[in-house]
Amino acid sequence: PSVAPAEWAPSGPHNGPLARRAGKGPPPRGPQALETSTGAPALVVDPKELPEAGPHQHTKQPYVTGTSVLAFKYKGGVLVASDTLGAYGSTKRYKSVGRVRTVGQGTLVGASGEVSDFQHIMTDLEALDTSDFCYDDGITHGPKEIFSYLCRVMYNRRSKMDPYWNSLVVAGFERGEPFLGTVGILGVHYTNDHVCTGFGNHLARPLFREVDTAQLDEEAAVKLMHDALRVCYYRDKNSINKFTLGKVTAEGASVSEPFTLDTNWNYQRFINPAQFSQGSW
Amino acid sequence: VSGGAEEPRGGFQFDQCRRNASLEARGLQGPRPWSTGTTIAGVVFQGGVVLGADTRSTAGTTVADKNCEKIHYIAPNVWCCGAGTAADTENVTSMIGSQLELHRATTGRGTRVVTALTMLKQHLFKYQGYVSAALVLGGVDFTGPHLFTVYPHGSTDALPFCTMGSGSLNAMAVFEAGYKEGMTEAEAMALVARAIRSGIFNDLGSGSNVDLCVITKEGKTMHRNYETPNPKTYRRPQPVVFPPGTTVVTKSSAATLKDVAVVEGEPGGAG
Chain A
1 PSVAPAEWAP
11 SGPHNGPLAR
21 RAGKGPPPRG
31 PQALETSTGA
41 PALVVDPKEL
51 PEAGPHQHTK
61 QPYVTGTSVL
71 AFKYKGGVLV
81 ASDTLGAYGS
91 TKRYKSVGRV
101 RTVGQGTLVG
111 ASGEVSDFQH
121 IMTDLEALDT
131 SDFCYDDGIT
141 HGPKEIFSYL
151 CRVMYNRRSK
161 MDPYWNSLVV
171 AGFERGEPFL
181 GTVGILGVHY
191 TNDHVCTGFG
201 NHLARPLFRE
211 VDTAQLDEEA
221 AVKLMHDALR
231 VCYYRDKNSI
241 NKFTLGKVTA
251 EGASVSEPFT
261 LDTNWNYQRF
271 INPAQFSQGS
281 W
Chain B
1001 VSGGAEEPRG
1011 GFQFDQCRRN
1021 ASLEARGLQG
1031 PRPWSTGTTI
1041 AGVVFQGGVV
1051 LGADTRSTAG
1061 TTVADKNCEK
1071 IHYIAPNVWC
1081 CGAGTAADTE
1091 NVTSMIGSQL
1101 ELHRATTGRG
1111 TRVVTALTML
1121 KQHLFKYQGY
1131 VSAALVLGGV
1141 DFTGPHLFTV
1151 YPHGSTDALP
1161 FCTMGSGSLN
1171 AMAVFEAGYK
1181 EGMTEAEAMA
1191 LVARAIRSGI
1201 FNDLGSGSNV
1211 DLCVITKEGK
1221 TMHRNYETPN
1231 PKTYRRPQPV
1241 VFPPGTTVVT
1251 KSSAATLKDV
1261 AVVEGEPGGA
1271 G
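Residue numbers (the working numbering), protein chains in the order written: chain A, 1 to 281; chain B, 1001 to 1271.
No false leads were mixed into what you were given.
Coverage of chain B stretches by chain A, computed from C-beta distances (three or more under 8 Å per stretch; other residues unrestricted):
#	stretch
1	1113-1120
2	1157-1166
3	1174-1188
4	1198-1210
Straight-line Cα separation of at most 30 Å, DSBU-like style, residue types lysine-lysine; simulated pairs:
#	chain 1	residue 1	chain 2	residue 2
5	A	LYS223	A	LYS75
6	A	LYS144	A	LYS160
7	A	LYS95	A	LYS242
8	A	LYS92	A	LYS60
9	B	LYS1180	A	LYS223
10	B	LYS1180	A	LYS242
11	A	LYS75	A	LYS144
12	B	LYS1180	B	LYS1217
13	A	LYS237	B	LYS1180
Covered stretches of chain A (in silico footprint by chain B; criterion: 3 or more residues with CB under 8 Å from a CB of chain B, positions within the stretch not fixed):
#	stretch
14	202-211
15	227-234
16	256-269
FYI, nobody ran anything at the bench for these hints, they're computed from the structure.
No residue lacks a Cβ here, since even glycine has one placed at the ideal position from N, Cα and C.
All chains should be modelled from the sequences, with the hints used to inform the complete structure.
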């Protein structure tokens, strides 16, 4: 036998916060104005009472960050690759962060920048995929639609001065042609045969520009991507030698298991470089 | 500067800095230094050193010199590429070059690369980075080929391959992908030219042509404008001739002056 405790006052539409208050004046403010299911006073925080009270503030800096994402179109599709590091400032804190992920059936999304914002974006994209499944009409979001969606989301957040602190890469197959685009923290976006984020723009894109990547076969494309990843690992301090390579073709999108690349630190001139210049290094 | 004080003994005078800062805060545009906004690179190969540089010199966002020389002479067997403020790189390299010529005369020996390195780094450190010269120093002496980088604050690195300037990342990407030990002179020249081209086409501060300088035990070969990948592809014929009929005449009229009265007198006076 359940007997409701005395303090459980019945509440509902008749006396809840949305109840009509015809003729009763303005609604009360403060903790007592909000009806809670337990009847306990609601927790209401007055921003002006907070110790750091001031103008409303939003994301000012990223905390856990990912470095470059590299991507280019090749003859059979698009390759998107990055390392798997989530750095906390200069600390290599999380070494298994997949920053290239599949969305829906045939789209790859890669992100650099704040990892938590990327995880939130992935939640939203998975919600898009779920709504496709629920509609069950045979139509799914393609890469170009996901790209447009992300462009609008990024620009809108920037316009509210509360950005997603990411640079995103979207790749897929759109109407039988490879598609590749990038959108950044401000909502700046473009599509191209090769895109990179962060350091990759300086280190990898010169290598991509030297060849017509769109005409490479898969083996040559993977070799070029490995060379570019290696250069980024050598010259970007916030990177590790553990990468994932995503590939999207007409059949669909997939991301490889993490792998390591060979590196060479054995140059003769690295041994005793100050041999002829004592006191130098 | 107070009157009657003892003569300044060299180095920079900083007593106008506060006045200059307050003028700039009030909107005065001070003189802007010419910067070389550059890609410079060097590689050690089997038997020598190859130095490379682009040829663009910038003053802010304007290209000041489309074909400047960034590979400077220090000694017959020691050459130096310079990035940073053009005046600083020019003057520092020529000062150290003069000192080394006197040094050769005094000692009666050839110049070693490490001597030039030590003089450069001691000079730049003395000026605490205010002499904005980032250099790639290379040469061959009796101990073998050497390649060094010198930073504006006076630190140095001894490396098998190195790049400096705004296009350094673009050029370094090419080196990291393509360098191998024991290259021949032709392979090294091709690699350095490729690295400078990478800077020229991917960096806005670098452009125009590729200069190379190859230094071996036998001597140096300067390849000025080794590659010119940005030629002028169209020249307008001079003088421009517009044939009669280029502009279609739709209407013409002529007025005879016999109907005009000429009145002489003060301008604006009653006539």
